[in-house]
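Participant: Given only the sequences and the hints, what does the whole structure look like? Please build it.
Chains A and B are the protein sequences, given in the same order. Position one of the first sequence corresponds to residue 1 (full-length UniProt numbering), numbered consecutively onward. Position one of the second sequence corresponds to residue 1 (full-length UniProt numbering), numbered consecutively onward.
Take every hint as true, because none was put in to throw you off.
Below, a sample of chain B positions facing chain A; criterion: calculated Cβ distance under 7 Å:
(1) Gly65
(2) Gly136
(3) Leu151
(4) Ala173
(5) Val230
(6) Val249
Note that these hints are calculated values from the structure, not bench results. Don't be surprised by glycine CBs; every beta carbon is placed ideally from N, CA and C.
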Amino acid sequence: MRTRIRGRRSLRELTGSPYQLLLLACSFALAGYAGVRLLAGEAVPVALWFAGSALLHDLVLLPCYAALDRAAVRLLGACGRRTWLPYVRGPALLSGLLLLVWFPLISGRVEERYAGATGLSGDDFLARWLLVTAALFAGSALLLAARSRSERRSRSGSRRRSRARSATKARPPASQ
Amino acid sequence: MARFPSPFSFPSSPAFWRSPVRGARFTSVLGLVLLAGMTVLFVTGLLSYAAYNPDLHRVNDQTPGKGLLGFFLFAWPTDPHWLYRLTQGVHVTLGLALVPVLLAKLWSVVPRLFALPPVRSLAHALERVSLLLLVGGALFEFVTGILNVQLDYAFPGSFYPLHLYGAWVFFAAFLAHVALKAPTAVRNVRAMRAGREEQREDDVLAAPRPDPPTVSRRGALWLVGGGSAVLFGTSAGRSFDGPLRATAVLSPHGGPEPGEGPNGFQINKTAAYVGIDPRETRPEAWRLVVTGRSGTVRLSLAELRRLPLHSAALPIACVEGWSTSDQWWRGVRLRDLAALVGYDASDDPPDVLVDSLQRSGPFRRAALRANQVGDARSLLALDVNGEPLSADHGRPARVIVPAAPGVLNTKWVARLEFGEL
Chain A
1 MRTRIRGRRS
11 LRELTGSPYQ
21 LLLLACSFAL
31 AGYAGVRLLA
41 GEAVPVALWF
51 AGSALLHDLV
61 LLPCYAALDR
71 AAVRLLGACG
81 RRTWLPYVRG
91 PALLSGLLLL
101 VWFPLISGRV
111 EERYAGATGL
121 SGDDFLARWL
131 LVTAALFAGS
141 ALLLAARSRS
151 ERRSRSGSRR
161 RSRARSATKA
171 RPPASQ
Chain B
1 MARFPSPFSF
11 PSSPAFWRSP
21 VRGARFTSVL
31 GLVLLAGMTV
41 LFVTGLLSYA
51 AYNPDLHRVN
61 DQTPGKGLLG
71 FFLFAWPTDP
81 HWLYRLTQGV
91 HVTLGLALVP
101 VLLAKLWSVV
111 PRLFALPPVR
121 SLAHALERVS
131 LLLLVGGALF
141 EFVTGILNVQ
151 LDYAFPGSFY
161 PLHLYGAWVF
171 FAAFLAHVAL
181 KAPTAVRNVR
191 AMRAGREEQR
201 EDDVLAAPRP
211 DPPTVSRRGA
221 LWLVGGGSAV
231 LFGTSAGRSF
241 DGPLRATAVL
251 SPHGGPEPGE
261 GPNGFQINKT
271 AAYVGIDPRE
281 TRPEAWRLVV
291 TGRSGTVRLS
301 LAELRRLPLH
311 SAALPIACVE
321 GWSTSDQWWR
331 GVRLRDLAAL
341 VGYDASDDPP
351 DVLVDSLQRS
361 GPFRRAALRA
371 NQVGDARSLL
381 ALDVNGEPLS
391 ADHGRPARVI
401 VPAAPGVLNT
411 KWVARLEFGE
421 L
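Facilitator: Below is the structure:
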């Protein structure tokens, strides 16, 4: 009796949820139908692009940007500028994102074809990206400057207030 | 000291992952955004496929082996005239704006890639295979789409079959993933909105021993949203002429217009690029051949100009996601040309096969359906914005059809074959 129950349970543990199995079977049927067509041309390169894009992302791109981020955190921490972190991370991330998406245009690798097909100049995307990057960092620096200014002011303000409080022994207002 | 994991921990150990931002809540928000966004991308993608009328004639069909995947095809309408401009603009611009959401989503779940044991059951093993199709499919679609709009044809094969069949592989895995995960994601986001902020014990995405936070979860979501906003802001303008296009500083067909004056708007494939010989388009040399039920008619440019000329304000909208505002075209109605070769075109218009002087490249021949030929705004245009067409816009004559993808608006037209296709 006990062995039968254990046997049934372990079979269920082995297969997992039957609902999930059925669902995945349907999904694979559709994926297979399309996949055969996807691979009908150059099967091996297409399969490499397909699986490779996932592997390249998970094993190269993600570790790289995570390591860069960690290095930035350590570096700013070591310089005692930990509060700068969001003001560096924000524009760096946005600029990096633009570079990632528009790399073919920015790097100039499609310059000739782009100019021929569109009648537009294809050689100014690097300059545009650098300008956008400069604008992002400049905007971030302005925000940081404004924030530190207002913090300095409120700190000196509160120092003055606390001096005044200790002089008069007045209780701080409830809203503080 | 115990908070810091051993430097020798591996990605398979939960303690290896230390960002306090990761967790079911963060993943759920991104997941629901992608659920909506990817669905829109898939639907607008299928619409774009239908807009080519691939079932009309093989010259329109880049994916003849589609089988049942073309089950939904229908005669692409001509109303509203901005239809393709809208659907394809949404497809490409939304796709660009979703890049940071997709990257953040993948970042948030990456610990699961290395989790042990790698396989717990048959269903779990199949789910992991399905996740490879999901992640590989999503990245494959984004990469091929993003490369194609930049004219970087590095991928192996023609864009159309890769992007279409890849989309179906992705969507099959996406459906299963949504069925398995969306209920949890909705529950998590509801709990968040109800203000129940505590982290659950069974949250496998959260770091068990997180580092001190350098950004809040809300801050991280803002950063992702900021990424989307920047990509949107630097590319959405390329769906409009003039000052709005100038705001699209970092995308193809963004920034300044290629020229000035009536013919100054955006060009797809210049005459030089596709090898149009200017000697062939001179009025003395060029003849339009129109064939149909009652035979063949050859028309010079002067004879064409003596036919009733009509105007239509229509955009050029490209599969690459950019479009122009409405241009003012003037020319001969396609249905009037059909009438020259024996069709009572206002009652029962025929289809047409259009040939360009262009020597090579896909869509140098294109087929238009009867509803497109019969529309009073469908023209063989000779002028645009009050001037004869420039060489790059298809001199001496080009097709312009409301709501059709740009590539079906054949330039440098040499021949029109009316009939049942």
